[in-house]
Amino acid sequence: MTYTPSEMMTVAAARALGNRDVCFVGIGLPSAACNLARLSHAPQITLIYESGTLETRPEVLPLSIGDGELCETALTTVSVPEVFRYWLQGGRISIGFLGGAQVDRFGNLNSTVIGPYSRPKVRLPGSGGASEIGTSCGQIFIVMPQNPRTFVETIDFVTTLGHGRTGRERRALGIPTKGPVLIVTDLCTMRPDPETNEFLVASLNPGVTRDEVRRNTGWEIRFAEGMEETTTPSAMELEILRDLQARTARAHGSAAAKGKVERN
Amino acid sequence: MPCALFRGYRGTDLPRVNPRIRFIACPFTGEELACIPALRPDVAIIHAQKADRAGNVLLDGIIGVQKEAVLAARRAIATVEEIVDELSPGHANAVILPGWTLSAVAAVPGGAHPSYAHGYYSRDNSFYMEWDEISRDRDRFLAWMGENVLARAPEDFAARVRLP
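In order, the protein sequences belong to chains A and B. Quick note, the first sequence lines up with residues 1 to 264 if you use our numbering. Quick note, the second sequence lines up with residues 1001 to 1164 if you use our numbering.
Incorrect hints may have been included.
To be verified - Covered by chain B, according to a simulated footprint, are these stretches of chain A (three or more residues, beta-carbon under 8 Å):
#, region
1, 50 to 59
2, 63 to 71
3, 134 to 140
4, 156 to 169
5, 237 to 249
Unchecked claim - Interface residues of chain B toward chain A, partial, derived using beta-carbon atoms under 8 Å:
#, residue
6, G1008
7, Y1009
8, T1012
9, L1058
10, G1061
11, I1062
12, G1064
13, V1065
14, K1067
15, H1113
16, Y1116
17, H1118
18, Y1120
19, N1125
20, S1126
21, R1140
What the hints assert, rightly or not - Anything over 12 Å on all C-beta distances counts as not near chain B; from chain A, calculated:
#, residue
22, T4
23, N19
24, S40
25, L109
26, P148
27, R210
28, E212
29, M227
Hints were generated in silico from the structure; no laboratory data involved. Because the structure is a prediction, the values reported are computed rather than measured. Every residue, glycine too, gets a C-beta built ideally from N, C-alpha and C.
With these hints in hand, go ahead and build the complete structure from the sequences.
The following block contains the structure:
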C-alpha cells in the first residue's frame, strides 16, 4: 500500500505510544498521532487536552483545544486551572506530545516568533501551555515535518525548554523530568545521545537517504550507531488514519483536514 | 492571591521578554519556581447556558477559566442562552455562579456565535475558516465589522445559529 511521508510520520509517532500512557496532547500533528494510537494498537491510552478534557475519545480531530467534541467524549471535564495544577503540575501526565515551528539539536522548541522578538518576521501563536508541559510531563515526544526552516542550528526563541541551548541547562536547573526523548519527522526518527542530549537519527524512513536528512537539517546531523529503517505503515494503520482524516474533513470543511487552521 | 506558581519558564526566553514572569524559592523545599502576578480585570464578560430569575448562572461543558475570570474581576457580565424559572443543574457539583457575583445578566440566544454553546448548538466551522482570510486584510475586516457587528444588535445572534 502506498503512503505519503506525512502519513509515515503520523504512524511512527502513534507507534511510540502505549496503552498505559497518560498523554497531554497538542493540537495538529500530535493530536492526529495520539488518536491514531488510540484507534489502533493502544485503545486504553489516556488522552488529556489543555482545555481540561480527561480521557477524551474524539470521533473527529479537534480544530482547537476548546472543541465541544473533546468534552462530549471525555470521561470528565475539569477547569483549566485544575488541569494545570492538579493533573499536570501534580505529576499525573507521563507524556507531553508537542510540535512547534522550530526545533534545535537539543529538542528546544520555538512556537513564539520567527525573527527578533521585538521585530518579528512571523508572530506565532505562543506558548499556551507548552512551557509548563515541557517541564511537568514525565517525558516529551515531538512530531514535526523536517526541513531547513524547522530543524535549525539556533532557534529564534526558546518557548519550551528541551535539554537547553548547550544540552546541559535542563540538568543543571535540576528539573527532574526527562524532557524530549523522541523526535518523529517525515524523514526519520531521532533519539538523544544519553551523554550529550544531542538528537541523533535512530531510524530512517523507507526510501529516505542520509543525504536527504542532512539537506533538511540546519545543523550537522549525526546518525546513531545501529541506525535502523522505520517500519512501513501497515494497511490497517493507514486505513484508520485516512478514515479519521476523512471524518475530520467532513466535520470541519476541507481546509481543516489539511491542517490549515490547526494550531496550539 | 497575589501570584500563581509554575515549574515551566525556567530555561526559556519568556522571562527575558516578559518582566512579569519572576522567580521565587519555595520556603519549604528550596525549589526555584516561576511566578506571575494575579490578573484583576475591571470587567469580565462571559457567555453561559442559562440563568434563573435571581441571576444565578449555570455553566456546562468546557468551562476553561470562565468562573475564575468572573471572580477575579471587579464587575462581571454574563449573557446566557435562556432565562429559566429553575436552573435544574441535575447534580450537586454543577458549576454555578451565584447572582451576587454578577453585575448584570442578559439573555442573548445564539450569543456564542461563531463559537458554540454546549448543549445548544455547534460551532460555525466555516465561519472560522473564512475568518482566517478576512482577518488578514484590513479593508475586508472593516467591511465585515460594519456589516456584522456595528450595524447589528444582540437579537440578531439567534438567527445565526440553529437553536433547538
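Hint check results:
| no. | hint | verdict |
| --- | --- | --- |
| 1 | 50 to 59 | holds (count 3) |
| 2 | 63 to 71 | holds (count 6) |
| 3 | 134 to 140 | holds (count 3) |
| 4 | 156 to 169 | holds (count 7) |
| 5 | 237 to 249 | violated (count 0) |
| 6 | G1008 | 4 Å, holds |
| 7 | Y1009 | 6 Å, holds |
| 8 | T1012 | 5 Å, holds |
| 9 | L1058 | 15 Å, violated |
| 10 | G1061 | 5 Å, holds |
| 11 | I1062 | 5 Å, holds |
| 12 | G1064 | 5 Å, holds |
| 13 | V1065 | 5 Å, holds |
| 14 | K1067 | 7 Å, holds |
| 15 | H1113 | 14 Å, violated |
| 16 | Y1116 | 5 Å, holds |
| 17 | H1118 | 6 Å, holds |
| 18 | Y1120 | 10 Å, violated |
| 19 | N1125 | 5 Å, holds |
| 20 | S1126 | 5 Å, holds |
| 21 | R1140 | 17 Å, violated |
| 22 | T4 | 23 Å, holds |
| 23 | N19 | 26 Å, holds |
| 24 | S40 | 26 Å, holds |
| 25 | L109 | 9 Å, violated |
| 26 | P148 | 22 Å, holds |
| 27 | R210 | 32 Å, holds |
| 28 | E212 | 31 Å, holds |
| 29 | M227 | 29 Å, holds |
Comparing the model with each earlier hint shows violations of hints 5, 9, 15, 18, 21 and 25; every other hint is respected.
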